[in-house]
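Let the sequences and hints guide you as you build the complete structure.
Each chain is listed here by its residues.
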Amino acid sequence: MKKQNKEFQNVMDIVIFQNVSKVYRMGEVDVAALSHVSLQIPQGAFTALVGPSGSGKTTALNMIGCLDRPSEGEVIIAGQDIGPMDRRASAIFRGEHLGFVFQDFNLLPVLTVYENVEYPLLMIRDIPKGQRRPAVEKLLDAVGMADQAKKYPAQLSGGQKQRVAIARALVSSPALVLADEPTANLDGATAQKVVALMKHMRDTFGTTFVFSTHDPRIMDQAEVTFHLEDGRLIDKSTIGKEAGHV
Amino acid sequence: MFKVIRLAMKNLLRYKRRTLLTGLLIAVGVVAVIVFVGLSSSFKQAIVGQITDSVISHLQIHRKGYMASIDNLPLDRMIPANAFEKLSGILTRTDKVAAFSPRIKFGAMLSNYAQTTNVRLNGVEPSKEQAVVPLLKNRIKNAAHEDLLFRKGEVLLPEVLAKGMALKTGDTIVLVANNKDGSVNGMTFRVAGVVESLMGPGGRDGYLHIDDAAALLRMDILEISEVAVRTKDFDHLTDLSMHLQRVLESIVNKQNQPILEAHTWDQLSPFYNVVRMIDVMTVGIKVILIAVVLISVLNVMMMSVYERVREVGAMAAMGTRPGRIMALFVAEGFCLGLVSALTGAAIGIGLLEMLNLIGVDVAFGRANQVFTLAPSVEPVEVLSACLIVLGVSILASLQPAAKAARLEPVEALRHI
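Residue numbers (numbering that gives the first Met the number 0), protein chains in the order written: chain A, 0 to 245; chain B, 0 to 415.
I should point out that these hints are in silico values taken from the structure, not numbers from a laboratory. Some hints here could point you the wrong way.
Capping the alpha-carbon separation at 20 angstroms, the derived lysine-lysine pairs in PhoX-like fashion look like this [to be verified]:
| # | chain 1 | residue 1 | chain 2 | residue 2 |
| --- | --- | --- | --- | --- |
| 1 | B | Lys43 | A | Lys149 |
| 2 | A | Lys128 | B | Lys2 |
| 3 | B | Lys2 | A | Lys149 |
| 4 | B | Lys9 | A | Lys150 |
Quick look at the structure:
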């Protein structure tokens, strides 16, 4: 896996979709969540997948996160085709290369802020305590939650929870952080702050961020935006360049 | 492993009331097992001790075929003098034998000059008999002597018979017996005491000196009905019995066939069936404990997985391996079982100590035979109860844990 990491460092596009389709079987009907989508996300980009509900952005995000597999086509993340991975291999891959920020934060309620951020290093990466502490403290400091380290999630506001979730996603230095509607449960001002924080984190740690949203207020913050509709990629826009049809 | 246990403990404390109730239920089960085992084993020890130390002794040696008609006290299936001599040599040389006592058992007619009745008698050497059944002396009421059971020319009569015939210590009686040839002999004896009855074989027998028994039965050469043997270590009685069975094969008849056989107390006393029943009940209560733990832990763990589907989904999405998710839930079951078992064990041992202080009296056989139990439990029994709880807790956690580990992160994250 380390060898793949090294290979991956030379890859310009951290995410590559090649003619990807995803079909779900609902009862006796096949529903196409994604249809022949091809896209590339450059390393270090602050990327948004946008579109209305049911457009396929969460499905695309799940595939980037190795949580789902394409029915057709190839998904290459960090230089590795996720198609042939089994459950355990994809779990290890996620633990080593990916970070997640969830719409509902999904912090573990029995753990303190510090312990939640420590979780990926402790339970997934098996990092020794001596190395965990500076990494956790650095991230808590970076997201401005160092003074709340001993609190439990139930004692935090929505914005604070999402800050902790961002710190947790970044603590293991992943190549890519995925955020599914990270501001959906936050008010406008907090949403802006969270997106600004994510961008700051990208700038500080050089991590690629990919998030899904249908909130126009935060779409504008993305440097690369993929517009999806009915499972099709209909538009890609990049800051500084005029949007064009794909 | 420690980090998994730590997280498991935190998760258990998330639902304090549910964990407490389930833990208490399991602890009560452990307490029940420990108290039952403590009481039943002390009951067994008290009763077995009473039977072996008062009547049967630990082991008996008979001539082959004697046991088949022991109720008739047959005089034609006795241990011959030369065989007894060899047997005495063997028993004297056997290190594990603490003492042995030869007995002549026979039936006789007893007369108080006004009435006549049947009586079962044991002809014994008082000092040897006292060594193999040390509690016999405690059963004697109104004993004529403090230092020994009786002297030659004296007899100890069973309580029921003495009452029925209004006999008391110091009275004179006549015993009339048939020898093995069928001839009749009678002798007078003085009553040296009355023996309290005890359930089981020999529990309502009278005693007289072995020389008097031989004289009454007109034995020219001493023949023995049985030899009662007391071991130094009751826990290794089976070893002694097996050893004696082997060496007794050296005592043979004219056809070169072994003539003696050894029987341990459990083969001689019907009380062994009660002991076995107690053992079966102990197994039964352990099975109930298993059921309680299985149902309790399974219920708690299934609820726990069901309530935390999204959380498990998030953990899996972040890259927690399925094996570790499974370990986390198994550890929860293990911790629940461990804490409950230790609590139950502590309460159980405490209760037994309390019962020891208070004293538990149990009537056995006749109403006047009251034993004060000294309930205690072997460490191995406590350990076995705890291991049962731990094993079953892990077993009960496996299915819910496997279910959690199999959850698809995408579907789990969508769970409401």
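Each hint tested on the structure:
no. : hint                    : verdict
1   : Lys43(B) with Lys149(A) : violated (57 angstroms)
2   : Lys128(A) with Lys2(B)  : holds (11 angstroms)
3   : Lys2(B) with Lys149(A)  : holds (18 angstroms)
4   : Lys9(B) with Lys150(A)  : holds (15 angstroms)
The structure is inconsistent with hint 1 alone, although it conforms to all the rest.
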